[in-house]
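Enquirer: Residues per chain are reported as follows:
Number of protein chains: 2
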Amino acid sequence: MTRLHLSSGSGFPVLGRHSPRLRRLRELDTPAGRSRTGRFLLEGVRVLAEALEAGLDLEWLVVAQGAPEEAFNLAGRAARAGAEVCLLDAEVIERLAPTRTSQGLLGVARMPSTDLQHVLQGNPVVILEGIQDPGNTGTLLRTARAAGAGGAVLVGGADPFNSRAVRAASGATFRLPLVRLNPEQAPMLLQALDQAGFGLACAEAHDGQDLYQAPFPTRMALVLGGEVRGVSEACRRAAVARWTIPLAGDCESLNVAAAAAVILFEARRRRLQAGGREGPGA
Amino acid sequence: MTRLHLSSGSGFPVLGRHSPRLRRLRELDTPAGRSRTGRFLLEGVRVLAEALEAGLDLEWLVVAQGAPEEAFNLAGRAARAGAEVCLLDAEVIERLAPTRTSQGLLGVARMPSTDLQHVLQGNPVVILEGIQDPGNTGTLLRTARAAGAGGAVLVGGADPFNSRAVRAASGATFRLPLVRLNPEQAPMLLQALDQAGFGLACAEAHDGQDLYQAPFPTRMALVLGGEVRGVSEACRRAAVARWTIPLAGDCESLNVAAAAAVILFEARRRRLQAGGREGPGA
Chain A
1 MTRLHLSSGS GFPVLGRHSP RLRRLRELDT PAGRSRTGRF LLEGVRVLAE ALEAGLDLEW
61 LVVAQGAPEE AFNLAGRAAR AGAEVCLLDA EVIERLAPTR TSQGLLGVAR MPSTDLQHVL
121 QGNPVVILEG IQDPGNTGTL LRTARAAGAG GAVLVGGADP FNSRAVRAAS GATFRLPLVR
181 LNPEQAPMLL QALDQAGFGL ACAEAHDGQD LYQAPFPTRM ALVLGGEVRG VSEACRRAAV
241 ARWTIPLAGD CESLNVAAAA AVILFEARRR RLQAGGREGP GA
Chain B
283 MTRLHLSSGS GFPVLGRHSP RLRRLRELDT PAGRSRTGRF LLEGVRVLAE ALEAGLDLEW
343 LVVAQGAPEE AFNLAGRAAR AGAEVCLLDA EVIERLAPTR TSQGLLGVAR MPSTDLQHVL
403 QGNPVVILEG IQDPGNTGTL LRTARAAGAG GAVLVGGADP FNSRAVRAAS GATFRLPLVR
463 LNPEQAPMLL QALDQAGFGL ACAEAHDGQD LYQAPFPTRM ALVLGGEVRG VSEACRRAAV
523 ARWTIPLAGD CESLNVAAAA AVILFEARRR RLQAGGREGP GA
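As they're listed, the protein sequences go chains A and B.
Residue 1 is where the first sequence starts when you use the working numbering, and the numbers rise one by one after that.
Residue 283 is where the second sequence starts when you use the working numbering, and the numbers rise one by one after that.
Excised from the complex, chain A in its bound form:
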């Protein structure tokens, strides 16, 4: 009963299981709810710790009565950072949590916002064009950040503030400048990339230049296409570099997140070997 004692002695107010405020949490599990409120859900100790470290504006946190000590430690940190913290029945939290990895913690934060001009100050930048799987979206953002990308533009596809995407991104959602565009805005994006001096690059399954022998644009915008349709014809036409990763034997392709890892880290390797800090490659 130590755990119950800890929680009841935490000093946080208890929220009733029928509180109308819970509707707000449920609503954030949908794209429409996130879009309407400008807020999203964060689940679990790791994601919430990353959010606090990134200085995200965490507004509200519910912690399960009887949750593990680390959940209460995190709730304490959130409260000191200005978040409102409430206790809630563990079962109710489990029912509300989208991915079953809440560990008794659910938070609400304002979606960080940035604009395209800010993203285009980084180099390289990554463009996710119609990536449908939230896990792929999150993994791509995580890999892009780790490879030193300055930002990402998402054209259509999965919402990066979906809970599965946030979990897979391992903090990149809060750290990497992100912009979301509609597919109709793609021509505007291509123009902005061109004006900012970016060379657009994409991967091709066949007949592209060998990735390991091709020159890399000094300012690189790598576009990654959706799992089924791949890169759009408009982006392919605008690309100054079309690379093929030399795969073994009769292999057709890599998963999009694996292909992105190979290309972005080849760019990083070249940049590190050149000793430079500007531009992704030689």
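Since the hints were derived computationally from the structure, they do not count as laboratory data.
Heads up, none of these hints are tricks.
Quick partial rundown of chain B residues pointing at chain A, CB under 8 Å, derived from the structure:
hint, residue
1, T425
2, A428
3, G430
4, Y494
5, L529
6, L536
7, A543
8, R551
9, L554
Restraint-style ranges between C-beta atoms, simulated for each label pair:
hint, chain 1, residue 1, chain 2, residue 2, range
10, A, H206, B, Q399, 32 to 42 Å
11, B, R511, A, G38, 30 to 40 Å
12, A, E233, B, Q399, 42 to 52 Å
13, B, A496, A, E27, 48 to 58 Å
14, B, A556, A, E227, 28 to 38 Å
15, A, E233, B, D397, 42 to 52 Å
16, B, H300, A, E69, 48 to 58 Å
17, B, A530, A, T244, 19 to 29 Å
18, A, N73, B, T319, 43 to 53 Å
19, A, N73, B, A516, 30 to 40 Å
20, A, G55, B, Q491, 29 to 39 Å
Not close to chain A: a few residues of chain B, all C-beta gaps over 10 Å, as computed:
hint, residue
21, S292
22, R305
23, N355
24, H400
25, P459
26, P465
27, A468
28, L472
29, Q473
30, R519
Quick reminder that beta carbons are idealized off the backbone N, C-alpha and C, glycines included.
The hints should help you fit chain B onto chain A, whose structure is shown.
Expert: Frame of chain A, contents of chain B only:
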């Protein structure tokens, strides 16, 4: 009604929705059922086409009445390759299919079997140690095959014949020689690797050799640890190479499948640049 006409005109016998044979399909959705029968489930057109191309011993295929034409084309190919094909109510197939991507096709095949000595004839080899997520397991096998790995050893962790793993592997399950071991067999594996002249390599989050500056073993066994616990202490002690991927800024780590892609393709790049076919690196 064209579709119904196509299916009823296919000449395949119809299986009743209460047929006791359906229990056999349901059983293969569990590790125990696969282990007891030595068989596994395959779902959807793409996975089944890859299995046929790989020459997998496909025993039985059920196709939904009213399934798309490509499903019936595939069923025809399977029948010509010696598989028994039955028609089944579409709803029943949907209920039986583990991942909702069956497209009205479910197959049963014998699990391909190989032994450790066969796997150790390849170079590099990949060791998955306690990878828990079937999607990660499948993606890792797909990446390993595309990078030219000669085989994989799975020590504990997710079953590579789980449907999600099979789908993520995109054919690698049938093409790459695979051996599964219990964690208790790890010392035997380390001894066999040593005797076969393999240098064991692993990735470290911090304080390893810079991946891009380190020499690579001529025969490389890359061990990838589970999502939470990482590489075991026994493997870490046995490793002759401990590499750190130089990540940007304050990044802690990559997803295990992304890290594997970066390392395996760095090995492939070196091998291709050396113009050699033996050994993964310089």
